[in-house]
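Colleague: Take these sequences, add in the hints, and give me the full structure.
One line per chain: the protein sequences are A and B, in this order.
All letters in the first sequence, in the order written, are residues 1 to 378 by UniProt numbering.
All letters in the second sequence, in the order written, are residues 1 to 378 by UniProt numbering.
It is worth saying that the hints were derived from the structure and are not from the lab.
Take these hints with a grain of salt, some might be off.
All copies of an identical chain are treated as equivalent in the list; a pair is satisfied when it fits inside any one copy or across any two copies.
[To be verified] No farther apart than 30 Å at their CA atoms in a straight line, the calculated lysine-lysine pairs in the DSS-like style are these:
hint	residue 1	residue 2
1	Lys-105	Lys-117
2	Lys-62	Lys-105
3	Lys-182	Lys-169
4	Lys-182	Lys-220
5	Lys-79	Lys-59
6	Lys-330	Lys-117
7	Lys-79	Lys-307
8	Lys-182	Lys-233
9	Lys-111	Lys-62
10	Lys-330	Lys-79
11	Lys-111	Lys-59
12	Lys-117	Lys-62
13	Lys-59	Lys-105
14	Lys-79	Lys-65
15	Lys-65	Lys-105
16	Lys-117	Lys-233
What follows is the residue order along each chain.
2 protein chains.
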Amino acid sequence: MAAQGNGDAEVPETHVLAVASHVTAGYVGNTMATFCMQALGCEVSAIHTVNFSNHTAYKTFKGRKTPPEEIAELYTGLKNARLDDFDMLLSGYCPSAGVIEEVGKIGRDAKLRGNTKPGSFFWILDPVMGDNGRIYVAEECVPAYKGLLKDADLILPNQFEAELLSDVKIRDFGSLVQAVEKLHQEYTLPHVLITSVRLPPTAVSTPALEEEKSGNTGAKLSIVGSTATSEGKPRLFRITVPALPIFFSGTGDMFAALLVARLRQAVQTAGVSNKPSWQSPDDVAGPDLPLAKATEMVLASMHAVLKDTERHYQGVAEGMEGERELNEGKGEEAEREREMGRHLRLTRAAEVRVVRNVGALRSPPGLGRFRAEGVEGE
Amino acid sequence: MAAQGNGDAEVPETHVLAVASHVTAGYVGNTMATFCMQALGCEVSAIHTVNFSNHTAYKTFKGRKTPPEEIAELYTGLKNARLDDFDMLLSGYCPSAGVIEEVGKIGRDAKLRGNTKPGSFFWILDPVMGDNGRIYVAEECVPAYKGLLKDADLILPNQFEAELLSDVKIRDFGSLVQAVEKLHQEYTLPHVLITSVRLPPTAVSTPALEEEKSGNTGAKLSIVGSTATSEGKPRLFRITVPALPIFFSGTGDMFAALLVARLRQAVQTAGVSNKPSWQSPDDVAGPDLPLAKATEMVLASMHAVLKDTERHYQGVAEGMEGERELNEGKGEEAEREREMGRHLRLTRAAEVRVVRNVGALRSPPGLGRFRAEGVEGE
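Modeller: Now the structure itself:
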């Protein structure tokens, strides 16, 4: 083989169908996910659920939502050309319940194709519906996503989306475990990973508290995952990470994409890639699951990339502070326009710098910094 | 900075607008180009001129051509969100003269924006029209592309496309030089690079002939480039590479994309990135041009990636040979279907393995193997 970075060999050859949004500029949805998976050596076939100029947090954008029948047509095209030998499906943002149902058809069809060979197809579903108590899709999307759960292998809701899907209000660790258990049992979901758990301080358990005592008082968030046992019981792990002070769009898509590659790698290492839904034997503890190992690698990469993005953002923000005073006092409309200009520049400065950090994607730096821990009350 | 491959630092931060085709599966057009540029650290904003399931050499595909007004709308969206600070434009396949004209509007608008700062915007135009004497776009695309030439900085025609644009039939090296000269002068094109020159043996010049004498009789092709002098005279270089025995779709797009990144890097190294159209002083000889240096790096990366693709293809083809005899003699229709199946598998096996060779993209292996030479009769 020609000279290659070690990443080329690490992740097994993997054909991923990625169904999510596309933006021309910036990094969210498939624009983020495709590059992250490809950088780790995955063959990505991308179907775009929208085609926008940029993500909507800019507050101005142009473009078009893809009608469900165009998504169906592209999938038919792939089948006709026998390009539908997918090892994995990653489905993300859908602009309507109609598109969610179309994704369901695709997922079930791909699953059927892999039925004769256990482990040959794995569906990661990111049920993009909202965050922090606010739904930002049509209400009808919630039941539409529930309709997909019995066919998905792993779902990646945030805390709010986990509540919507499980109908369990997550107030503390006990109710979190209850939500995960319900998802495992009611929908026979083999794997659940809740991507951002923020619980009130009293609900935070020992390790984070100890860090707070030691003076490291930065905000934290947890990622909590579980692979069901053969009896459908949760097998939990948790990884606590520092919460960054800036909101970066696309981090959920980045997480999902890197997890596709790292999970595929971890299940091969663990020897469960030919098991149905890549489920580990019952004697494997939560923190030793391939899902936990994969998440550790993903978080290490993400931390490095987001730290670099934060540095870049701070530089832009400081530069803008200097300009600010020069432009004071020229009327209300001019001020509104300047505010919009500032908003656009800062939103852009917060675009995740994945393409400038290919090394960190391929070789997670400081691996071992984010360790999966067991969860009490399991 | 976090641990990074050296590629992260080599190519300056570059915002590229890429306008070309998109396929869900496989690697042509923007699907190829976006990844190659991103892997080298470029920020790519991609507008897709078509959205197909796969490339047309499969002989079956589904999808949709993008109407010109949707392309215009996405560009407007970028401008509104102030995401139009492009350093470079790479324009490729356009499905109609209408789309070519839309690309022209975008190119001129972006050029205007960069007018106050020499070298701040550079347009690479790949005039995708045909190959080997055959036009595969509508005839009206030829004059439409001619209409863009006076605003482009570098064009990347193959030999046939160079003939179409220059109206010079390329029969030998003399007429090739004439075609390049005409493009420099009639359209004030600063840079021309003809991506695949195949001339009859009598027209091949010394170095290739010497290799033939020494027993290395493999087929060759040449890449011939030129940056005009201040008087519009050609300054030529040539690089000869072995022709691979298999046809790989998307290699033109790969070449163009890698050249975007490597040219940006080479003009910075040469200190001409703030010169109009990145033109080198007149005392720089053809083989020493940044365009020549960039092409050397691109070809080294491509050779490694295509060799790996060829190995993969041969493996698939050999596997199919074994199956062949088992399936003989079951009627004409069954045979036709088998033939189509074989065609689809081989076409797929010839998809360029860029995502499995990120290392070779970022650190061209065996650099120095493809050296730019001067061209006699210059």
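Colleague: It remains to establish, for every hint, whether it holds in the given structure.
Modeller: Hint-by-hint comparison with the structure:
no.	hint	in the structure
1	Lys-105 to Lys-117	within (20 Å within a copy, 52 Å between copies)
2	Lys-62 to Lys-105	both (29 Å within a copy, 18 Å between copies)
3	Lys-182 to Lys-169	within (12 Å within a copy, 73 Å between copies)
4	Lys-182 to Lys-220	within (26 Å within a copy, 64 Å between copies)
5	Lys-79 to Lys-59	between (38 Å within a copy, 13 Å between copies)
6	Lys-330 to Lys-117	between (69 Å within a copy, 28 Å between copies)
7	Lys-79 to Lys-307	between (41 Å within a copy, 28 Å between copies)
8	Lys-182 to Lys-233	within (9 Å within a copy, 75 Å between copies)
9	Lys-111 to Lys-62	between (35 Å within a copy, 22 Å between copies)
10	Lys-330 to Lys-79	between (60 Å within a copy, 24 Å between copies)
11	Lys-111 to Lys-59	between (38 Å within a copy, 26 Å between copies)
12	Lys-117 to Lys-62	between (43 Å within a copy, 29 Å between copies)
13	Lys-59 to Lys-105	between (33 Å within a copy, 26 Å between copies)
14	Lys-79 to Lys-65	both (23 Å within a copy, 20 Å between copies)
15	Lys-65 to Lys-105	both (19 Å within a copy, 25 Å between copies)
16	Lys-117 to Lys-233	within (25 Å within a copy, 64 Å between copies)
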